[in-house]
Amino acid sequence: MTKLSLFVLLALLTVAIAAPAGAQDFSGQTVVVVTQTGSAIGGPVLDKGPIWEEATGGNIELQTFAFGELFEKIVTALSTGSGDYDVLIYAADWAGDIMAPGYVMEIPGATLNAIESDDVIPLYADRITTWGGVPYALPYDGDAHMLYYRKDLVDNEMYAADFEAQYGYALGEPATWTQYRDIAEFFNGMEVDTAGSMAPIYGALEAQRRNAQSYWVYLSRAAGYGKVPGNPCFFFSCDDMTPQVNNPGWVRALEEYIDIRNVGDPEMINYDVADTRTLMATGTAVLNLDWGDVGTISVDENVSLVKGAVGFGVLPGGDSYWDYEAGEWVMEENPAPFIAFGGWIISIAADSDVTEAALDFASFLASKDVVNELAVTGGTGINPSRFSQLADTAPWVAAGFDEESAADYLDAIQNTINHPNAVLDIRITGSAEYLSTLDAEIARALAGEISAQEALDNVAGLWNDITDRLGRDAQLEQYKAAVGYMGDM
Amino acid sequence: MGTRGRRWLRRSSRRPLWGSAILYGVVIFWCFIVLFPFYWLATTSVKRPIDVSRGPNYIPYIDFQPIPDHWEEMFGIQRESTERHFRNSLVSAIGSTILSVVIGAMAGYGLSRFRYYWGRLGWDNDNIAFWIISQRFLPPAIFIVPFVLLYNALSLIDTYAGLIIAYTMFNIPFAVWIMRDFFNGLPVDLEESARVDGATRWQAFIRIVLPLSAPGLVAVAIFSFIFAWNEYLFALMLTNFNAITMPVLIAGQNNTRGIEWWFISALTLMAVVPVIIMGLLLERFITRGLTAGAVKG
Amino acid sequence: MSTVREDRIMKRVFLSPAVVILLALSIFPLLWSLGISFTDMQRGGSTIARQAAAEGITEGVGFLGLGFELTGRNYQRLLVDGRLHSTVRNTMIYVFVGVTIQYVIGLGLATVLNQPFRGRNIVRVIFLMPMMMTPVAAAYTGRMFFDSNALRSPLAHFLRQFSKAIGLEQAISVPWFTDIGWAPIAILIIDAWQWIPFMTLILLAGMQAIPEDIYEAARVDGANVLQIFWRVTVPILLPISLTVILIRGLEIFKIIDVVVVTTGGGPGSATESLTLYIFEQALSNGNYGYASAIAYILLILVIIFATIFLTVGRRWIRGSAERGK
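Chains as they are written, first to last, in this note's numbering: chain F, 98 to 586; chain B, 30 to 326; chain P, 621 to 945.
Same shape as in the complex, but just chain F (with noise of 0.2 Å):
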């Protein structure tokens, strides 16, 4: 035993001494990591952490919580000072509860120059890692919502004709939320063929667990219906709050989440975003919306059948949409992807007793050495954040990507994060509690418990609730902050 310890010892101590220059010595210090289970986000803090632990002498712990428990116990253990946590790996979303009241330090600029920020798309480096204009955070991940569907099959000229008789426009990528139906409806049943044998196929897939993330999914099919364009303000309007999910855009975009198990696979009530994207790599669906790891996971041979055959695009939109200042419906396609959750991002909490080796573990997580390897890996949950990782389709294609279906990968990211019309998260004090009122009211309509419209007007009425105890000017001015309201323009 003492052997063991004292060959450990030096083991350690000859490490030190061979860390490479500018590798601080952080021996006997131990930083506590946090964040959700499993291998996508917190797998490559146990495949990466050795590295570190190596160059520096000092002890990475990793603690996991499901998705469900995170935020609770992350703003819990920070608001009670408890400084069990050091680094925090979260959702951007919840920068409110946790940039907002003060829980996570200041990322000093030389640590934003080494992890070379200037490579960081704008989007995250300049808002979403960012609390009133102070870098709070590091960009780990980038998340998007987008469009999946069957190429082989959308783009395939045996059904072309069929279904332009049947609907009288051409078969192709959906680019309203209308076409994405009407593809779903006319694929729903059909026997495809699927690498090499013949089995029916479902429509459309998408995520309506409750209690699961689903929500994001709704948010985005709202998005089309009810994004004003020229107008950043989605989720509240920027005069007084007012809540706008239940308003006519927002209803419609909830009864077609609803009615789009009828052309889908009907257990997708029950069925998470981890749920549907396995299964559409198993070649279940046309139609799928999920964040950026479908496309990784559709190249992983281990676990897809359909390899090669997914074609990636920007979400639909609505074919018009809701203009609630107006109060009446424009006839206007409106493309307005969504900026679902915001990704991943890591934070040292001020508490920490270890901030410097805390840091520096950070940094070192999210250098772009690390994020862009861990960017183009499936399973690691890593999605695009940087230049480098959308310039080139290399390490894509080094991945298991064909060069098309790449570059219509980092394509379909672009157009997302670049569009001008796209939709940013709540991203205010009491995001996750907003988002989780709407979350059990919209279980509720999909289990057929209630409609739609009783759904969102009781989701209005909460979110009222939380607005005015949370301080309804202080709610505003944050909501204005954050969607870069410029006023009356």
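Derived by calculation from the structure, the hints in this document are not laboratory data. Just so it is clear, CB atoms sit at the ideal spot from N, CA and C, and this is done for glycine as well. Be aware that a few hints might be false.
To be verified - Example chain P residues on the side facing chain F (calculated, C-beta under 8 Å, incomplete):
hint : residue
1    : G664
2    : T667
3    : A791
4    : S904
Based on the hints, put chains B and P in the right spot on chain F.
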């Protein structure tokens, strides 16, 4: 035991054949209901993911090829985490069990042997006992908010002490209940003669009463241990890292890459084995302890 | 030291630890949360403190300048919160249906275990095993079995083979967790699987305490097995039955782990329990005032349940005792 055994024998010889058939039928059916999930966990913990999702596969080596990978990972790359959770569960369960047994036995003895009267409330022994027992039935949800605030103020969040104190609080009512009834059933003569011989009350309690109460103490210990070992709500609420327990680890296996059934199965088996071993060793005490205690209602 | 004086000290020594712990950790928190339920307190301050902070005032706001406000709002909201009402309904279903199932099956199994047969001791231990599993794990196990996909779940696979065997066109497939009618049933089954052993254990102990001569006398009177069960065993077990039913009933009021793991409260709000809702309000939303108010509703429900139960139960026992004479 002897006469009793013979009586059973007599009764069983009277049992008609169809009676035996039904009896064994029910026993076998229920054993299957109980054991099959355990079997399923055991096999799932050695299945490849593909064997879990493309099955169901029942019998190792015939339906699927078992692999040790998941167990290896749990004791390999995840070793630190597995050990930490397991150790924490053990410490908080054992700590609170000891405290509950000691405090419960003392209070039970007091309520059984002395006469109390809380004048201000007009409560006698029965009222006090009822009050203590009734605490067991308060919904834990009512403690969520005050406990978070209280533990925060006392810096007890994420400490062994914090969990042990909470679990002791939940176990004491049950312990008092069982122990009081148990002591009520013990004749007082032995203690009195010891005290006539010069032993103090405390000595009589420790040397005479406690050894006679082993079944009751063991029953209380088992129930306290099982409660603390399996508790989820307060463990989730009051711990972050250092004192976090197995149920929280198991519940946390739900993630965005889908549920990793094989890890859950392995973890579940790990969590259940100590309790089952304990149950096997101490099973006879459970019934005896309870027969003396709870049974009387 | 005289024994009388010694005893006067010792009796306090014996009882105090338990009383002190309960006062500090049970009564005090209880009163505290009653107080909180009448305030606007929440994580990171209170409504009034936040508003004041936004206006730049930091001290002396609210009730007596303590930084919070007294309000009955939380209790008003209880009346109109539709989600709360459905969680109350669900919890009541869990309690009443759950206890009934568990008692009936538990009594049946206890009767079986009270018979002499080969291997009885090992069977008794086997019957206890589910109780030893942490409810979280039991819930995951339940999820594996109630998955409606026949490729993953042995139960669904069995149902499919079974319907094939009896020649059904459409295989039987139960949408356990996806249907608002079935999901609570699945949760009830998981809870029952785990806690029937508890019922069996206690009822068995009660049966073994029944003296043999009572049965003997009944047999002499010419009663058959069923009559003996109904007229002798059940009435004698009545007091202990009421105890176990009360214990389990009050335990089920606390259900949260099984729901969290299996459905998260869905589909819709079909399976959400009161405890889960309180937990979410308190820890996810940080709305301490409202969470405390709901917790008090739960407490009142529990007290009503226990009181009615004890009153009716005592009357029954008295009634059956009189009939027995």
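Against the structure, test the hints numbered earlier, and report the numbers of the ones violated in rising order. 3
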